[in-house]
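Visitor: Turn these sequences into a full structure, and let the hints guide you.
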Amino acid sequence: EPEVTQTPSHQVTQMGQEVILRCVPISNHLYFYWYRQILGQKVEFLVSFYNNEISEKSEIFDDQFSVERPDGSNFTLKIRSTKLEDSAMYFCASSLAQGRETQYFGPGTRLLVL
Amino acid sequence: GEDVEQSLFLSVREGDSSVINCTYTDSSSTYLYWYKQEPGAGLQLLTYIFSNMDMKQDQRLTVLLNKKDKHLSLRIADTQTGDSAIYFCAEKDRDDKIIFGKGTRLHILP
Numbered sequence: 001e002p003e004v005t006q007t008p009s010h011q012v013t014q015m016g017q018e019v020i021l022r023c024v025p026i027s028n029h030l031y032f033y034w035y036r037q038i039l040g041q042k043v044e045f046l047v048s049f050y051n052n053e054i055s056e057k058s059e060i061f062d063d064q065f066s067v068e069r070p071d072g073s074n075f076t077l078k079i080r081s082t083k084l085e086d087s088a089m090y091f092c093a094s095s096l097a098q099g100r101e102t103q104y105f106g107p108g109t110r111l112l113v114l
Numbered sequence: 001g002e003d004v005e006q007s008l009f010l011s012v013r014e015g016d017s018s019v020i021n022c023t024y025t026d027s028s029s030t031y032l033y034w035y036k037q038e039p040g041a042g043l044q045l046l047t048y049i050f051s052n053m054d055m056k057q058d059q060r061l062t063v064l065l066n067k068k069d070k071h072l073s074l075r076i077a078d079t080q081t082g083d084s085a086i087y088f089c090a091e092k093d094r095d096d097k098i099i100f101g102k103g104t105r106l107h108i109l110p
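For the record, the sequence lines run as chains Y and Z. Taking my numbering, the leading residue of the first sequence gets 1, the next gets one more, and so forth. Taking my numbering, the leading residue of the second sequence gets 1, the next gets one more, and so forth.
Hints listed in this document are in silico derivations from the structure and should not be mistaken for laboratory results. One should not assume that every hint holds.
To be verified - Here are the computed lysine-lysine pairs in the DSS-like style, where the Cα-Cα straight-line distance is at most 25 Å:
(1) Y:57 - Z:102
(2) Z:36 - Y:83
(3) Z:70 - Y:42
(4) Z:102 - Y:42
(5) Z:67 - Y:42
(6) Y:83 - Z:70
(7) Z:56 - Z:70
(8) Z:102 - Z:36
Guide: This is how it looks when you write it as structure tokens:
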């Protein structure tokens, strides 16, 4: 069964460093998403992406964050200058369409900012 | 704003039924979901229900939706040790974002 994959599974970085989290969505999916889950808190929506553009973003997704689909398969989340509070599990998701189509989640990347 | 609430913990004896409850505030939700998260793992979609349905059954899982009260429940029949996980209730809002609850940690007693 096709699945969303994410790399790396864990990343440790120093505050102020740039990180890029990678995702490979399900191959025929067109809509892509990033969510994050700070330890012990809710899973929160960050951004949605379609047709090489951001469709929707939350207030968490500030200028430090950017997303890109650099080729036909990868979908990346970049944090330009990480802060301690960026430590979280980051989930990528994809769906075939909006509305009735389900979003399928990857296994997540656990980011720890020191 | 939109919110999804669920109790944080549930303990159930192996073989009994587990019922996890959830309430949500967004009356325009189109889809409601249950996701399962095992320790250290990602979010696994268990089941979902469209907002014009009131029940959905899938093997050991039964989802009940009371749209008037904005109440969703997940019943797991014959709970097994492998069902031990965190269960997230979630709803899809009109902007296609998924809004999650904090998750209910299901603990199975021997």
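Visitor: Is residue 57 of chain Y within 25 Å of residue 102 of chain Z, Cα to Cα?
Guide: Holds - the C-alpha atoms of residue 102 of chain Z and residue 57 of chain Y are around 21 Å apart, at most 25 Å.
Visitor: Does the alpha-carbon distance linking residue 67 of chain Z and residue 42 of chain Y stay inside the 25 Å limit?
Guide: holds (23 Å)
Visitor: Just to be careful, I want the Cα atoms of residue 83 of chain Y and residue 70 of chain Z compared with a cutoff of 25 Å; is the pair within it?
Guide: At roughly 37 Å apart (the allowed maximum being 25 Å), residue 70 of chain Z and residue 83 of chain Y break the hint.
Visitor: For the pair we were handed, residue 102 of chain Z and residue 42 of chain Y, check the Cα-Cα distance against 25 Å.
Guide: With Cα atoms ~5 Å apart, residue 102 of chain Z and residue 42 of chain Y stay inside 25 Å; holds.
Visitor: If you draw a straight line from the CA of residue 36 of chain Z to the CA of residue 83 of chain Y, is it 25 Å or shorter?
Guide: Distance ~29 Å between residue 36 of chain Z and residue 83 of chain Y Cα, so the pair is violated.
Visitor: Just to be careful, I want the Cα atoms of residue 56 of chain Z and residue 70 of chain Z compared with a cutoff of 25 Å; is the pair within it?
Guide: This hinted pair holds, its Cα atoms lying about 16 Å apart.
Visitor: Against the 25 Å threshold, does the CA-CA distance of residue 102 of chain Z and residue 36 of chain Z hold or violate the hint?
Guide: holds (12 Å)
Visitor: Would you mind confirming whether the straight-line C-alpha gap from residue 70 of chain Z to residue 42 of chain Y stays at or under 25 Å?
Guide: holds (19 Å)
When held up to the earlier numbered hints, the structure conflicts with 2, 6 and fits the remainder.
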